[in-house]
Amino acid sequence: MGMDDFESDPLWELLGRARRPEPSPWLATRIIAAARTRDAASSRRPLLALWRWLALPAGVAAIVIATLTVRHPFYRQPAESPQLFAAFEAFANNAFEADYLWSSDSF
Amino acid sequence: MLRVRDGDHAAFETLVRRHQHAVYGTACRMLGDSVEAEDITQLTFLRIHRAAPKYRPTARFTTWMFAILRNLVFNEARRRKRHRGHVSLDAPVEFPDDATPRELAHSGQPGPDAEALQKELESQIQAALQSLPEQQRLAMVLLRYEDLSYEQIAEVLDTSVPAVKSLIFRAREVLRGRLKKYLAATESPKEG
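Residue numbers (my numbering), protein chains in the order written: chain Y, 164 to 270; chain S, -3 to 188.
For the record, the hints were derived by calculation from the structure and aren't laboratory data. Just so it is clear, the structure is predicted and the values come from calculations on it, not from any experiment. Yeah, the Cβ is synthetic: ideal placement off N, Cα and C, and Gly gets one too. Hints may contain errors.
As the list claims (entries may be wrong) - Facing chain Y, a subset of chain S residues (Cβ under 10 Å, in silico):
#, residue
1, L(-2)
2, D2
3, G3
4, H5
5, R52
6, R56
7, F57
8, Q114
9, L171
Stated by the list, open to error - Simulated DEER-style distance windows between Cβ atoms:
#, chain 1, residue 1, chain 2, residue 2, range
10, S, L(-2), Y, R183, 25 to 35 Å
11, Y, E185, S, K77, 25 to 35 Å
12, Y, T200, S, M(-3), 39 to 49 Å
13, S, D29, Y, T232, 51 to 61 Å
14, Y, F169, S, D154, 33 to 43 Å
To be verified - Lysine to aspartate or glutamate pairs mimicking DMTMM-like chemistry, simulated, CA-CA at most 25 Å apart:
#, chain 1, residue 1, chain 2, residue 2
15, S, K77, S, D2
16, S, K177, S, E116
17, S, K177, S, E111
18, S, K50, Y, D202
19, S, K115, Y, E176
20, S, K176, S, E151
21, S, K161, S, E130
22, S, K176, S, E116
23, S, K115, Y, D172
24, S, K115, S, E34
25, S, K115, S, D2
26, S, K161, Y, E176
27, S, K177, Y, D172
28, S, K115, S, E169
29, S, K50, S, D154
30, S, K161, S, E151
31, S, K161, Y, D172
32, S, K50, S, E151
33, S, K176, S, E142
34, S, K177, S, E147
35, S, K50, S, D2
36, S, K176, Y, D172
37, S, K115, S, D143
38, S, K176, S, E118
39, S, K177, Y, E176
40, S, K115, Y, E185
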């Protein structure tokens, strides 16, 4: 038997004896009600939709700001150099001596 | 469908009432469960409703509708496999040895047993369909019960026409084997 000769195939006739399953009489009503509910719900949420659109740019902006802050901080430790260290020591010694003189004068 | 796309609720209602039998019938034959078939039918129409604004009439509406149904039915089949493990839509259904056709040739005649015989035949046909792999089953259901062409079935299944012909050929072979007792019963009165 070939592929397309359905008319002469008893199987085709036998399968045709099975009646089509019938849905409940309320199925269509339920579907239509569900669609209307969905429509109503989506029309009540324009702000939510707006927030969804705003969330992505806001998130990207926050990440960019955080990255820039970490990479380029507003305050940096001054780089240590021998001249700076010597100047700091000289200042400290002078301050110690001044403090010592002031302390001995007080006696 | 173009009116539905433009937000016409009455058109959507007409569309549901016109196509609900085809969608539900196909889902029922695919799943073998009337409650799940109703759920899948509802989901199919809600997806159509949701996708309506983007609908482009590039293919026949029924082909598009059955393609949506196919996705939902196949997903449901996979969900069942995951949740029930050993129970599969594709598991072969065993026929009891004492399942005899019982003079089906006379089932069309009015009588006290006619309805019972009809139900028995329908349940055996459903069991035979359930024994097919899901692609073969859907191809067979769409061809025999929904009168779709090979080309349309190929679009629904996202495959080629020769592949659909092959699916149908194999499905017929399996069904012929499963329903041979009933086929013999229907053929014998014609011969006699």
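So, going through the hints one by one against the coordinates:
1. L(-2): Not OK, violated: S/L(-2) not within 10 Å of chain Y, min 17 Å.
2. D2: violated, 14 Å
3. G3: holds, 9 Å
4. H5: This hint holds: S/H5 lies near chain Y, its Cβ roughly 7 Å from the closest one there, short of 10 Å.
5. R52: violated, 20 Å
6. R56: violated, 21 Å
7. F57: Constraint on S/F57 not satisfied, violated at 16 Å.
8. Q114: Where the cut-off is 10 Å and the nearest Cβ of chain Y is about 8 Å from S/Q114, the hint holds.
9. L171: The hint holds - S/L171 has a Cβ within 10 Å of chain Y, the shortest such distance being about 6 Å.
10. S/L(-2) <-> Y/R183: 25 to 35 Å: holds, 28 Å
11. Y/E185 <-> S/K77: 25 to 35 Å: The hint (25 to 35 Å, Cβ to Cβ) holds, given that Y/E185 and S/K77 are roughly 28 Å apart.
12. Y/T200 <-> S/M(-3): 39 to 49 Å: violated, 21 Å
13. S/D29 <-> Y/T232: 51 to 61 Å: About 59 Å separates the Cβ atoms of S/D29 and Y/T232, which means 51 to 61 Å holds.
14. Y/F169 <-> S/D154: 33 to 43 Å: violated, 24 Å
15. S/K77 <-> S/D2: Violated. S/K77 to S/D2 sits at ~39 Å, over the 25 Å cutoff.
16. S/K177 <-> S/E116: Answer holds: S/K177 to S/E116 is near 13 Å, not above 25 Å.
17. S/K177 <-> S/E111: Status holds; Cα separation ~19 Å.
18. S/K50 <-> Y/D202: Holds - the C-alpha atoms of Y/D202 and S/K50 are around 16 Å apart, at most 25 Å.
19. S/K115 <-> Y/E176: holds, 16 Å
20. S/K176 <-> S/E151: violated, 31 Å
21. S/K161 <-> S/E130: This hinted pair holds, its Cα atoms lying about 15 Å apart.
22. S/K176 <-> S/E116: Between S/K176 and S/E116 the Cα gap is close to 15 Å, so the pair holds against 25 Å.
23. S/K115 <-> Y/D172: holds, 22 Å
24. S/K115 <-> S/E34: holds, 21 Å
25. S/K115 <-> S/D2: violated, 44 Å
26. S/K161 <-> Y/E176: Satisfied, since the Cα-Cα distance of roughly 19 Å is no more than 25 Å.
27. S/K177 <-> Y/D172: holds, 15 Å
28. S/K115 <-> S/E169: This hinted pair holds, its Cα atoms lying about 23 Å apart.
29. S/K50 <-> S/D154: This hinted pair holds, its Cα atoms lying about 20 Å apart.
30. S/K161 <-> S/E151: This hinted pair holds, its Cα atoms lying about 13 Å apart.
31. S/K161 <-> Y/D172: Since the Cα atoms of S/K161 and Y/D172 sit roughly 16 Å apart, the hinted pair holds (cutoff 25 Å).
32. S/K50 <-> S/E151: holds, 19 Å
33. S/K176 <-> S/E142: holds, 24 Å
34. S/K177 <-> S/E147: Violated - the C-alpha atoms of S/E147 and S/K177 are around 32 Å apart, more than 25 Å.
35. S/K50 <-> S/D2: It holds: about 10 Å lies between the C-alpha atoms, which stays within 25 Å.
36. S/K176 <-> Y/D172: holds, 13 Å
37. S/K115 <-> S/D143: Distance ~23 Å between S/K115 and S/D143 Cα, so the pair holds.
38. S/K176 <-> S/E118: Cα-Cα ~14 Å, so holds.
39. S/K177 <-> Y/E176: holds, 14 Å
40. S/K115 <-> Y/E185: holds, 14 Å
The earlier numbered hints that this structure contradicts are 1, 2, 5, 6, 7, 12, 14, 15, 20, 25, 34.
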